[in-house]
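Peer 1: If you're matching them up, the sequences are chains A and B in order.
This note's numbering puts the first residue of the first sequence at 36, with every later residue one more than the last.
This note's numbering puts the first residue of the second sequence at -7, with every later residue one more than the last.
Since the hints were made in silico from the structure, they are not lab data.
Each hint should be verified, as a subset may be incorrect.
Unchecked claim - If you want the ones that stay clear, here's a sample from chain A, every Cβ over 12 angstroms from chain B, calculated: (1) 46; (2) 47; (3) 57; (4) 59; (5) 60; (6) 72; (7) 94; (8) 122; (9) 132; (10) 135; (11) 142; (12) 153; (13) 157; (14) 161; (15) 162.
As the list claims (entries may be wrong) - From the structure, some residues in chain A lie toward chain B, with a derived Cβ separation under 7 angstroms: (16) 66; (17) 68; (18) 70; (19) 81; (20) 85; (21) 138; (22) 154.
Yeah, the Cβ is synthetic: ideal placement off N, Cα and C, and Gly gets one too.
The lines below spell out each chain.
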Amino acid sequence: MKATEMETRMKINTRQFGDLEFTEDLVITFPKGIIGFEDTTRFLIVHDEEYEPFRWLISIDDEEIGFPILNPFLVQPEYGKELPRSYVKRILSSEENWDIFCVVTLKGEGGKVTINLKSPIVVNYQEKSGEQLILTSEELQVANPIS
Amino acid sequence: MLVLTRKLGQNILIGEKISVKVLRIDSNKVQLGVSAPQSIAIYRQEIIDNIKDFNRLANKTDHARLKEAARFFKQLLGV
Chain A
36 MKATEMETRM KINTRQFGDL EFTEDLVITF PKGIIGFEDT TRFLIVHDEE
86 YEPFRWLISI DDEEIGFPIL NPFLVQPEYG KELPRSYVKR ILSSEENWDI
136 FCVVTLKGEG GKVTINLKSP IVVNYQEKSG EQLILTSEEL QVANPIS
Chain B
-7 MLVLTRKLGQ NILIGEKISV KVLRIDSNKV QLGVSAPQSI AIYRQEIIDN
43 IKDFNRLANK TDHARLKEAA RFFKQLLGV
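Input sequences plus hints: build the corresponding full structure.
Peer 2: Structure (structure tokens):
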């Protein structure tokens, strides 16, 4: 019997997508959780055409928790310069698959998008782990309006 | 909370590897020098508070409005 046949499909109910089915291999573990949400450590990264280029970081531990995220390179192509060198070395040298995301919020009536470039989320798909870093650059702000 | 009074130039040792020194005192602010191993992160409290607030706000995002923002973005990016 193949391992895949034995994989249980789990289900959670999310505020954003209603019922979401997934398998364990999709789960990303954040040992330290997310800043301000340290108790939620297991997440899914959800893509949905209707939200692209935004994606969602959805908590499996708590149905109320989910964050819209965006690839920061779409709004700041030079963002790589801000990342700690230890990460950049690993990301460039390894054959592992990484992603960098930043949390976004919508503000005001116009729904202006604001992106947090100060503390990106780094995900390693091989290790299935993630963390939210705080970058040291003094110039980086938490709330950066896009357009 | 442990409350200590220090004069200019005096030090506080935290554990075996962290120290905080008073470098300068102005009327309404203090300049502190913090020595710690690379493995220990040092942040201004406000940054952590700002990030927490930002994450909390993001958690409350109205998904219908995010879809609108996504449509607008796709146009912007020419995707």
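Peer 1: For each hint, tell me whether it holds in the structure or not.
Peer 2: To see whether the hints hold, each was checked on the structure:
1. 46: Holds, since 19 angstroms exceeds 12 angstroms.
2. 47: Consistent with the label, residue 47 of chain A stays out of reach of chain B, its closest Cβ about 16 angstroms off (over 12 angstroms).
3. 57: holds (19 angstroms)
4. 59: holds (24 angstroms)
5. 60: holds (26 angstroms)
6. 72: Answer for residue 72 of chain A: violated, closest chain B Cβ roughly 6 angstroms.
7. 94: violated (9 angstroms)
8. 122: Holds, because the least Cβ-Cβ distance between residue 122 of chain A and chain B comes to about 14 angstroms, which exceeds 12 angstroms.
9. 132: holds (22 angstroms)
10. 135: holds (16 angstroms)
11. 142: Check fails; 8 angstroms does not lie beyond 12 angstroms.
12. 153: violated (7 angstroms)
13. 157: Since the minimum Cβ distance to chain B is about 15 angstroms, residue 157 of chain A lies beyond 12 angstroms and the statement holds.
14. 161: Label holds. Min Cβ-Cβ 23 angstroms, cutoff 12 angstroms.
15. 162: With a cut-off of 12 angstroms, residue 162 of chain A remains clear of chain B, as the shortest Cβ separation is near 19 angstroms.
16. 66: violated (15 angstroms)
17. 68: Not OK, violated: residue 68 of chain A not within 7 angstroms of chain B, min 10 angstroms.
18. 70: The hint holds - residue 70 of chain A has a Cβ within 7 angstroms of chain B, the shortest such distance being about 5 angstroms.
19. 81: violated (11 angstroms)
20. 85: holds (5 angstroms)
21. 138: holds (5 angstroms)
22. 154: With a closest approach of 5 angstroms, the residue 154 of chain A hint holds.
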